[in-house]
Amino acid sequence: MKQITPPKWADRFLMWYCRPDLLEEIQGDAYELYYRKAEESRRLANLQFIWNVLRFFRWKNINKTKTNHYQSQLSIAMFKNILVVTVRNFLRQPGHSFLNVFGLSAGFTCAILIILWVAHEYSFDRFHAEPDRIFKILTHVEANGDVQTYDVASCVIDLSSVPEAGTLVSVSPGDRWPHELCFRPEGKTNECIYMNGVYANENLFSIFNFPILEGDQNPLKGGANIAISEKMALALYGNANPVGKTIKIDDTREVTIVSIFKNISSNSTLQFDFALPYAILKKQWGINDEGFAQNFFNMYVKTNTSISAEQLTKKLNDVRVVTEEYKAQKLSYQAYPVTDWHLKSKFEGGKNTGGRIEYIILFIIIGGLVVIMAVINFVNMSTARATLRAKEIGIRKVTGAVRGTIIAQFMAESFLLVFFAFALSVVAAQLMLPIFNTLLTEPISLNMVSGLMPLYLVGFLLTVALLAGIYPSLILSSFQPIRILKNQFNSNTSGSQRFRKSLLIVQLSVSIGIIIFSGVLYYQLNFVTNKNIGFDRSNMVRIEPTFPLLKKFASFKNELSKDASILGVAASNVNPLNTGGGNTGVSWPGKPKDLRISFKTIGCSPEFPETLGLKILEGRNFQSQPLDSLRTEVLVSEDAVKAMGLTNPIGEEIKIGESTFVIIGVINDFHTESLHEVRQPVILYHTDYEHVSALYVRYQSGSTQQAMATISKVYKSFEPSFTMKYWFQDETFDDLYKTEIIASRLILLFTIITLIIAGLGIIGLATFNAFRKTKEISVRRVFGASVAQALLMLFNEFTLVLIVSTLIAIPLAWYAADHWLQSFAYRTPMPWWIYFITCAGVVTIIALIVWIQGMKTISASPSKTLRSE
Amino acid sequence: MKGIYLGELEELVLLHVGILYPEAYGVAVMDEIERQAGRSLNISAIHSVLTRLEEKGLLKSKMGDPSPERGGRRKRIFLLTAAGKRALEEANELRSQLFNMIPKIALQFRIA
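Residue numbers (the working numbering), protein chains in the order written: chain A, 461 to 1329; chain B, 620 to 731.
So that you can see chain A by itself, here it is in the shape it has in the complex:
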């Protein structure tokens, strides 16, 4: 009987016109006749039904009152009532409400901070005009069967054969002399302000959006001109206008300040406080145009037309661009979008393998998870709490509320709470920003909220509020008043119970996963810090020397050695912690023709190996007067011996480029880069003090202050007009893992927040469970169950949840952690105990919460709880 129905349109027509109070009997009669007729013929029945509907269409039966009383209930008064009830509910259980809102705003705060950071990272280098048309030229060089990628290209690259190439910008940045210079404020010859700048060709300010505030718009055209930043102008001249004044570089070369440019914004890859033309650089280096042409600098090209990076790359590798000489060195160019460089700057084998973007994605995921967790919590707590409000709903329904009103009420409550939580989180984010910024390198601010951001935020909030409100409002509004008021509705909650449990599984999986991941991360960073890198980096300070100081190295060393806390002084031309590019021009007797191996070559003083703590395994150390007066003496690492395949290395003659060297000793292997990279073979060669870049002073451990006082005093006595620049080597070492350290701090922060949120969720659910099972527990207690048994019963609610979330979290955490560990050439084996401890910890925390929450219920006298009905 059910499968046949009268024509829909006629039925709908009837329902539309008919008075509601008459509809049931009229429709009923029409249906009855229809079904009876349908047994003979369906077609006739349809016709009859239509006819009847039309005949019923009489003035008396028509719905004359157009006002629908369901709608009229959502009046201002109703909204006021909803607001009042929300506030009352909030205040009735302040602790619970606080947990609820606090969890949500913690999640939002996280999300806001992450969004700000991600927006900042993505804004890098996008402020230039037509950023999509600016490309950075990268150079790939094949060596050791591997491809190394550098973000520089030949400074005399000839793009005349590429019609699309418009303007070429050549920039030479750096963080040491001659990029970092000491400037003296007017009239104060003993004061020294270090500023970092670039040398560039005249297109720097026309291609990039570095606005010039005052003076010449094209400052790099002339010979002896300098453009300085506002910051530098302020530091050197205060509020006076410096344009037109002359300033000395290195106390010798005079240049004219022709322009002042706006401080470079923090979201620029290029950072500098002054810009000088290449003419000055040539003079600084003391080289002619020919020597200068050998240099590789940061090269940017802006194209005339839009062209893809691939197409441009193809044109850059034309014979007319890559000269025969470079071709022979297995060198190739790549055009790389300037906007991608900041986030995707990691290259392996000539292919991009990510970079910062990996961390950005990681944090987007973590932020998303944290918000999801917070929302889940909110939904969970709202539903759990709302079931306790069933009576209210029952009464509301009895006194005339329809489902729509109840839905509206719960939605409105959810919206109010979500927006309240959001307001709190904005305040919290603002308060936390300074702390958050100490974790990052560049400061971010809420000012990043611009453009479409507010729109996204509102959309995001609406979604969260809807998500959080929809479940409680739909479930609760479906309660039948009679059952609620008769206290029979508990069976109804089994569905929502399951729902809550699955949400808890998601939460716990996320928490366990994040904790494990951050555990592995910290373990690896700890491994990196504690790994023996082959020499001792602690208790050592690196000093930037001036040229005159280097000339007086011996007496400088003598002065320092008078202090017992100073153990050694040495010099080298690169920092052994981070040597940079390798040297492929090393040859030795019996070297295969086509073999290309990269060595790290370090020029150093005789004291260097000993001061650093390197061990001489074979042969002898350098001596202050070289024994071999014809050939330069070198020490090689064991790796180098192996790489060259020498059986008896001492006395062997090798060549670096065209110069001849002789091996006088073998030293132990040591790392010359971050542990992401595989250890390279090292060659230490003896060099003059005049050719080194830094002095290294080792001091007694524990006497840092005394040593530093002596060093500054001695430095001041040698160089009274310079401020000493120095770095601690262990800090420099940490700088190698800056990204990882920042990431680990952020992850720790988010781990804590995740834990708090998950903890709140478990507390909420445990409380609710204990409350719901009050009677059951009392009955069991009456029948002789022990406290432990009752607790176990409460805990059992979480057993399945725990097992499932562990099963989900562990493989995911393993995958992420393993992937991350792969980026290190030297890594710890996967620390499985972290997995175990995390899981055990989570079980303990849940057990504790269940115990604390459950004891309240269990210790209550059964007679009291059972008497309540």
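Just so you know, the hints here were simulated from the structure itself, not pulled from any lab data. Among the hints, erroneous ones may be present.
As the list claims (entries may be wrong) - Derived CB-CB ranges, DEER-like:
hint, chain 1, residue 1, chain 2, residue 2, range
1, B, N719, A, D481, 43 to 49 Å
2, B, M682, A, F539, 32 to 38 Å
3, A, Q940, B, D650, 35 to 41 Å
4, A, T465, B, D650, 51 to 57 Å
5, A, V1242, B, M682, 44 to 50 Å
6, A, R863, B, A656, 44 to 50 Å
7, B, R654, A, L934, 48 to 54 Å
8, A, R863, B, P685, 19 to 25 Å
9, B, E674, A, R943, 36 to 42 Å
10, B, E674, A, Q940, 32 to 38 Å
No residue lacks a Cβ here, since even glycine has one placed at the ideal position from N, Cα and C.
For this one, chain A is given, so just place chain B on it according to the hints.
Using the frame of chain A, we list chain B on its own:
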């Protein structure tokens, strides 16, 4: 009857509501009229008569139980009120009184 005029169809429906006690509702009344009086009426006509009678106070109604053949909808069961009963009695009385006043011859003639 203080000016309450009972129409022919109204009387017929009123009678059938009485006959069908306590199961008188729209479709049942329609069917019964067809069976007893052989008159086929549209359901909407029955409805309007029933409501008119209810307005006149001759019928009262209550909602019955839902039944499956009506798609789970309830019937509106009609019952005679005291006034309805009296109206029927009066009509019946008037009719038999008038019938008795017909000369016998006229009837015999008719039979023949």
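> Okay, which hints does this one fail, numbers in order?
Replying inline: The structure breaks only hint 4.
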